[in-house]
Each structure stands twice: as C-alpha cells, then as structure tokens.
Amino acid sequence: MIPLVALLVGALIGLLVRPEVPAGFQPYLPVAVVAALDAIFGAVRARLEGSFSERVFLISFLTNIVLAVFLVYLGDQLGVGSELSTAVVVVFGVRIFANLAAVRRVLFNA
Amino acid sequence: MTDTAETSSVQERPPQVDTGGRRAVRRPGWMQIAVACACAVLGFLMVAQVRATESVGERLAAEREEDLARILSELTAQSDRLQSEITELRLTLVEYETSAEAEELALRSLERRYDDLRVLIGAVTAEGEGVIFTIDDPGRLVTQDLLVDTVQELRDAGAEAIAVNDQRLVTSSAFSTRNERLLLDRRPLQPPYRVAAIGPADTMEVALGIPGGAIDALQVLPEVTAEVEKRSELTVPAASDSPAFVYATPVDPEESATD
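Protein chains in written order, with my numbering: chain A, -14 to 95; chain B, 272 to 530.
Read the hints as simulated data drawn from the structure, not as lab findings.
Hints should not be assumed to be uniformly reliable.
Anything over 12 Å on all C-beta distances counts as not near chain A; from chain B, calculated [said to hold, decoys possible]: (1) Ala348; (2) Val419; (3) Ser511; (4) Ala515; (5) Val522.
If you want the footprint, here are the derived chain B segments under chain A, 3+ residues with CB under 8 Å [as the list claims (entries may be wrong)]: (6) 302 to 309; (7) 316 to 323.
Distance ranges between label pairs, derived from CB positions [claimed, not checked]: (8) Val321(B) - Thr71(A): 16 to 24 Å; (9) Gly300(B) - Ser67(A): 37 to 45 Å; (10) Thr71(A) - Arg322(B): 21 to 29 Å; (11) Gly35(A) - Arg322(B): 33 to 41 Å; (12) Ser344(B) - Thr71(A): 25 to 33 Å.
For each residue, glycine too, the CB sits at the ideal point set by N, CA and C.
Please construct the entire structure, taking both the sequences and the accompanying hints into account.
Have a look at this one:
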C-alpha cells in the first residue's frame, strides 16, 4: 500500500514540477524507467509468493537502473547505443512479462 | 542483467521478512521508507519520460498525413531560406571586410597627404636630413634676386622645407627690398643669411656647388662667403602665421570635371 501511494506521490510531484529532461540524459531515461519497472513487478510477484525482502528489492532496483544506464552508455561509446538500448528494453520487457505471468498465476490460480 | 531474486526459487527468507507488508503497516522502518522513496523516484522518472516523449510526439502525432507533408515542406523551405540567408550574410561580411580594408588604405593615404600638406604650408615644424647654407654678407651686397635664385636652386634639387634665418618659407613667401635692406615676408633679414633646407642633402650640395650656380654667383661679390654644411638631422621651424587666403577658394574635383 505504502509503495503504491509513494508511486502516485512521485508521479504527482513529476506532474507539478514538470521536469525538463537534460539533453545528455535523454537516451538513458527510458531504459532506467523500464529497469525500475522490472524491479517493481519483481517485487509484486515476490510479495504475492511470500518471499519479498526490502533489501533485495532495493538492491535490485538500484542495480537494474545503474546497469541498464551503464549498458546503454557503453553502447553509445561503441556506436551501438540505440541497438543496446533496444536490447535492454526487450530483455526487461520479457522479464516484466514473466513476472506478470507469475502474478497472474498467484492471483487467479491460472 | 541482474537477478532481481524476487523469484519463487528464493524461499529461504527469515519469517519477519516474509511478512514485510504487514510489518510495514505496524512500524515502518528505514527499509520501508527506502522502498517508498524508490517507488516515488520511479513515478517521478516515468512522468518525466512520458512528458519528454509527449512534448515532441504530441504535436506531430495529432497531425494528418497531408498536414505532416505540409509541415515537412514548410520546414524544408524555411531551412532553404535560412541557408541562403547565411550565404548572403557571409557575402556581406566579405564585402564589409574588403571595404573596411579599402577605407583604411584611403585613410592612410589621406593621413600621408595631410602630413605632406602641413609641411608644405609650414604649419608644423619639420625635421629630417638636409643642408645648412650660410651666406655671410657684411657689406649687404646680396640682392633679393640672388636669394630667390638660391631658394629656386634648392627646391629644384628636391628641398621640401626651407627656412631663412629661422623664418619658414611657405608657398606665399616673397623676398623684397626696401631702403636697400632685404625683407622676407615683410620682416627684415640680417646677414649672415642662414638657409636651412630639408631634402636630399647630397643632391642639394651638388646643386648649390655647380659652376655658375648659387655659390659661384654669390662669391663673385666682394666679401661674400657661402658655405654648405650637410646635416643628417635638421629642424626647420613652423611658419609664424598660417596663410589666410582671401581670393582663392577651393573647387570640388567633380565640379571642375564638369567645367
């Protein structure tokens, strides 16, 4: 419950502040968001399966974001930034789907 | 990718962590606060990203295909126009640079001319190499004709600024005689006459010394001595008063051309 409220509060702050994304950070923000989404859905699944740990969630949240951004940055340096960013999004997308499938199984027994 | 570890395979959790959700309600520890912060950050990032995508996409996505084509052609036309403007401005810049250079050249030649004219009319003290021609004439036998001849000789040899007894010769200067006393511009001249001339020293020395020239003509007279002394550095004073012309007025070059 608290995390959901916090998510909404963060979104509300974002709507009120109307942040301008710095040009240098623009390629990295999408993958950071997708990586964070993966961590969130993983946490929801773990919570439903009864194995949730704040410590694990926080570590996965941070490492996901840092690694995703770092990979895209590396890709930029190697000249394949957009391709690697696609790869990151695909991989995290697959993981999000897997997590959602597990959530569905727990919630609907199907 | 990192393993988020919130998978069913990780089951070895301490019991209190397993019931983290209920615990959070009872007493939110710093872990819960950190999780909430992470969620808030995610919400914020999502909104930021969505807005950043919207700001460009929103406008274009709303347009129909033909409108997009129109926008594209407009942008292309605008780009072409700006490109040609850049070219034009570059050309203007080059023009200005050229004309600035030409103006500077003209200014420099005008300055040069101004300096020449100031020397010519004796408005300024002049200095440079030249000769000092000293004529001693205790008996006051030297006539104005001889002095005029001497000055003519010097000018012919290239003298640019001349003074007699520290009195500058200008374009309107004249020698005259009154009561058998020599005058220069109505001021009495006392011997010995010291003629200082700035110009090519060697040429003027030769010019004064040619047979039948100024020195010969002067030294024919009894008791008259004439000596030339070359100087590498010589000063000729400015005229005491500048000419104030009454009758002559300048004519514009264009006007005289149409005459």
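Structure-based check of each hint:
{"no.": "1", "hint": "Ala348", "verdict": "holds (27 Å)"}
{"no.": "2", "hint": "Val419", "verdict": "holds (87 Å)"}
{"no.": "3", "hint": "Ser511", "verdict": "holds (76 Å)"}
{"no.": "4", "hint": "Ala515", "verdict": "holds (74 Å)"}
{"no.": "5", "hint": "Val522", "verdict": "holds (68 Å)"}
{"no.": "6", "hint": "302 to 309", "verdict": "holds (count 7)"}
{"no.": "7", "hint": "316 to 323", "verdict": "holds (count 7)"}
{"no.": "8", "hint": "Val321(B) - Thr71(A): 16 to 24 Å", "verdict": "holds (19 Å)"}
{"no.": "9", "hint": "Gly300(B) - Ser67(A): 37 to 45 Å", "verdict": "holds (42 Å)"}
{"no.": "10", "hint": "Thr71(A) - Arg322(B): 21 to 29 Å", "verdict": "holds (22 Å)"}
{"no.": "11", "hint": "Gly35(A) - Arg322(B): 33 to 41 Å", "verdict": "holds (37 Å)"}
{"no.": "12", "hint": "Ser344(B) - Thr71(A): 25 to 33 Å", "verdict": "holds (31 Å)"}
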